[in-house]
Amino acid sequence: MNAHTLDPLVVRTTCPYCGVGCGVRAAPDGMGGAKIDGDPAHPANRGRLCSKGFALGETLGLDGRLLHPMIRQAAGGLARTDWSTALDQVADGFKHIIARDGPNAVAFYLSGQLLTEDYYVANKLMKGFIGSANVDTNSRLCMASSVAGHRRAFGADTVPGIYEDLDQADLLVLVGSNAAWCHPVLFQRMAENKRQRGAKIVVIDPRRTASAEGADLFLPIAPGTDTALFCGLLVHLVEMYAVDYAYIDSHTTGFEDAVIRAREIAPNVAATARATGLAKADVERFFKLFRTTPRAVTCFSQGVNQSAQGTDKVNAIINCHLATGRIGRPGMGPFSLTGQPNAMGGREVGGLANQLAAHMDFSSADVDRVRRFWSGAHMATFEGLKAVQMFDAIERGEIKALWVMGTNPAVSLPKANAVRAALKNLELFVISENVLNNDTVNAGAHVLLPAAAWGEKNGTVTNSERRISRQRPFLPLPGYTRPDWWIVSEVAKRLGFEEAFAYCSAADIFREHAALSAFENEGLRDFDIGALATINDETFDALDPVLWPARKNAPKAEPRFFAEGGYYTGNRRARFVTPEPPRLKEATNKEFPFRLNTGRVRDQWHTMTRSGVSSRLSAHTPEPFVEVHPKDAAAFGLIDGGFAKVTTRYGNSILKVAVSAGQRRRSLFVPIHWSDATASCARICEMVTPATDPFSGQPEAKATPAAIVPVTFQYSGFAIARRSIKPMTGTWWARVAIAGGTGLLLATDVTPTELQEQVLDMFPAEAELAEYVDRPRGVYRVAAFVKGRLEGCLFVGPAQATPQWDAVKALLEADTIGDGERRMLLSGRATDGIAENGPLVCACFGVGLIAIRKAIVSGDASNVEEIGHALRAGTNCGSCVPELKKIIADELVLREAV
Amino acid sequence: MSEPLVIIGNGMAAARFVDELSKRALGRYAVAVIGEEARLAYNRILLSSVLAGEVAQSEIELKPASWWRDRGVTLRYGVPATAVDAAARTVLLADGTKLPFAKLVFATGSRPLRLPIPGMELEGVLTFRDAGDVGTITNNAGRGARVVVIGGGLLGLEAAYGLAKAGAQVTVMHLMDMLMERQIDARAAAMLRYAVEAKNVRVLLKAETVRLVGDRRVEAVELKDGSTIKTDTVVVAVGIKPNTELARAAGIAVNRGIVIDDSLETSAAGIFAIGECAEHRGQCYGIVEPAYEQARVLAERLAGRDVSYSGSVLSTNLKVSGVNVFSVGDFLGSSGTEEIVLADPSFGTYKKLVISDGRLVGAVLFGDTVDGLWYLDLIRTGVSIERFRDDLVFGRALIERAAA
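Chains A and B, in that order, give the protein sequences.
Under my numbering, the residues of the first sequence are numbered 1 to 898, in order.
Under my numbering, the residues of the second sequence are numbered 899 to 1302, in order.
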């Protein structure tokens, strides 16, 4: 290496996790890694990062990466192939099926992790050239209800506010949002506002989450009743003369109907309290706070969206902001916090089955406009199938070819078991992926296409406040990986659309996307970034985060929408929506007395294919768990730290029990992150009802009726290894990233003696094994060493005394193991504070060389008698006396030499 | 006027007894020590080190002459006692001297067993017991000489190690299928064999010697399977026999050893026995620790304290440099006991603890014997180990830190 390149180039990019869209600075280390910190210049985070973002540098390794195209062989296995073969197979398959069964027999299932440019190309291919709108995305599971709510109220999928509103509001209402864990950097901004300006924070959630800690008011609302609360609020605002009639009159329609409906649902405080399960005083306090605080922002997230009435909930919230005119002004407005890094970008390109492109839908005018812009060969003219329906159509055999890009639907869709089975029906199942192994890949993909990952990709993402930021590469493309836009374009060319997909770069695509947003826009569509349609490659490369709208030849746009009306409905007025009375889709009963609430944990992301690689992140909540209220735990015989089986009509899981007073009675909270790749039996979406919202198609992921029973395992323990370890048969396990390797947390009824027989397969053949066996206690521990280094170990013991792995884990990081550490390793305890003995000298009194040397060096002893006096060594049988004399002589020589 | 106390025997038990007694009742007795070997008491355990050339003959004396003198002890070494008259309370020495006693202590030790096979009388067939043996062996088996050690017990292995260290080509022949079968279990024995072989000692198991072959001087060892092993010297280390003749002749009860009760007293009042010559509750001990315990208890009793000896927990400590082996108690595990095993064979360590009713009752340690004495203590005191059972095998340091 030459010395001139020692200074690494710092690359400004954007975090690949949640919808906050934090700016990240990456300093590549030249060895495939990078030092990561927050970008102080990015307006979303101003240098801050959350634990996940902060650990991004730990997730860049190539272990488990898909690095070359692969094709399913006749014998069943996947084999490596070249790009041209793989792309031909994909194109031929699509061509054949489209020719035979029509364009609606094929579908794309995309991801909020894709960059806007990737999204744009995939959407264009399907809707403009294949002629189907069967393009949907995992965003359907995330914020489709917000999209539908926005469109119903505003006539467009517009987020009216910006992040600065969170700094400027006097009241921050979090509805179904555990922002402290899911949007931590935004939550920090809110907390800062509270500290600096005294803003009040109200948290509305069935469960007392981390966000509720320190909130001014926590409303533990009954699941699914948010609409009642906001209807009650609307009635209250009307009755207290707190509505803004001037705004209502000038800029909205449907107010009276909305109030009538609100009165039917929640006519007063008492009725609201009854409907929502809240204390009357709490409801009153909330209403008063909202009424008397003009600068109010209502943030909502999956607790609102993931519901069979999610769109109504969104509109019930928006109704209150419209009625008070608190929208589009500093510190005011409804605010959807999106879950994914580029859900917003996907919405902008129209990468959802019920959108066409660039915030246009399937009206004939829009279809015609887009056809002309794209020179579309085969335009889709009606909505396609939304995620859940799409997989139902696959199950029925109506969709015969599916291309999944960058998402893991076999884990994340409701009734995931059925999804997995349905995937087997496909004639052609293509996946663009980063990883070699996940549940969807393992569900029988025919073609695997290696896609570029974060740090390698080049393009743009849009965050929750409509801010477009660059994701810039700072690592070379590994192996044969390619950007998603390139992969899709290559297939499009093979389908005969060379001209329309002749892109050379992400910048090419971005310019076209920007041009389409401005095409015949004339202020009729909110999404317009025409100002960026002609930027050159250099400007694109250097593009600073930019808020839209960014209209061509327009003076700097107002960053917020709708303060002065100007909605995107036919009459430019906002629509008040009359929501349905709140009701969860499926009722609990004797058999399924609980509500299954799902969500995220602080340090993991989606199905953990990236965050699960970081040992730091994996340490926070290493195991899949179910949170239960203490009283329910007592009534159902559940023990904190024990296990339970959770069952719904659709599936079941076995999870660790976490008893928590913050949990709601008769409600179970389970994190969504685990899959078959990371746990034996914790695929949560397998248990989730497929019931969806009639407008958004978003599944009701947080209220499936469920049952819970305790499960006991006789033994528990863990295994760790430098290489990946295969879980032992017949055990409950959860895979955890640890520094230097992977770990498995285990629980089992397989006896330690039987496990002992499986152990030889666990470690390399050349490993030296050390074992600890206490059979009567059911304890078995084994450690494997290769060349003086710990290769791995397995600890099992009685379930009531689960061994702890911290001390052993630490040793996996070490390149060599000291003698003392090796001796103590199977105790599972740290050796700090235990005096190292060295080779034994006096066998009678167990005195080692180190202690003897110490006595000599310290001057306590200079002959055999004095050593005997100080340490007793040599005073019993005396057989060590010659050795003692030699040690003394050696030490004294050394001492004189010094 | 001090009571005359005569000790027959000038070995480790006698020396320790005098030491303990002088600490408690200096001047109360006029002590005379009669020794057969013509030298001051020495540390017999170090004989293998002498053999190995690690330490000089002169360095293994337990106490210098001045030490004995300072305690007023009359040393009569090089003069064996030939008779005891229990009634007249006198001891007759080989030189005709008659020593009167008020109290008499037998500390006559033991001597090596010989094999009842032809050829034992040949030149070059030696035993390994005292300083004299060491001299003979050294003369017979110098550098490069072929030596067969018959017996793979503690003594045989120590001798073999010493010889190998001194440069001889040593073969240990052992009747059983494992070394030290009375002190350790099969797993430890296998590791021991490996470790001993690593010190250039060849080990032959299941080797029953039927004849020593040679004209005048031994030339080979013949085994039961018909094979012969050529050798220049044979060292027989197959066990010991308590020296009881003197006591038996004096009409004192003798079984395998001189029978003593919990007061360490023989069948004759005022006459005691300690160390390897004694048999307590049917048990003759062949190692130093019980002898030391007996010496201490007898010293206390003769100093007027009412203490008694109820037997020793047997522990074994192989004194071969770099090969640490320890065993104690019921290390094989009788029925109804439980075992905890920690083994890291490639690292050269193995520990087995035997538990009964929540108490430690036995242990075998190989390689890492630091905690041997602590386990011995736990066995002796019989404290419950349930509280720290999971940590027990990892030793005292871990448990004491955990408790801290």
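Just so you know, not all the hints are guaranteed correct.
Quick list of in silico lysine-lysine cross-link-like pairs, DSS-like style, CA-CA up to 27 angstroms [claimed, not checked]: (1) B/Lys1122 <-> A/Lys886; (2) A/Lys631 <-> A/Lys280; (3) B/Lys1063 <-> A/Lys885; (4) B/Lys1097 <-> A/Lys787; (5) B/Lys1097 <-> A/Lys886; (6) B/Lys1139 <-> A/Lys885; (7) B/Lys1104 <-> A/Lys886; (8) A/Lys645 <-> A/Lys95; (9) A/Lys645 <-> A/Lys556; (10) B/Lys996 <-> B/Lys1063; (11) A/Lys726 <-> A/Lys424; (12) A/Lys200 <-> A/Lys288; (13) A/Lys585 <-> A/Lys493; (14) B/Lys1097 <-> B/Lys1128; (15) A/Lys854 <-> A/Lys885; (16) B/Lys1122 <-> B/Lys1139; (17) A/Lys645 <-> A/Lys631; (18) A/Lys590 <-> A/Lys645; (19) A/Lys885 <-> B/Lys1122; (20) B/Lys1063 <-> B/Lys1104; (21) A/Lys95 <-> A/Lys194.
Since the hints were derived computationally from the structure, they do not count as laboratory data.
(message) Going through the numbered hints above, which ones does this structure break? Give me the numbers in ascending order.
(response) Result: hints 1, 6, 7, 8, 9, 10, 13, 19 and 21 break, sorted rising.
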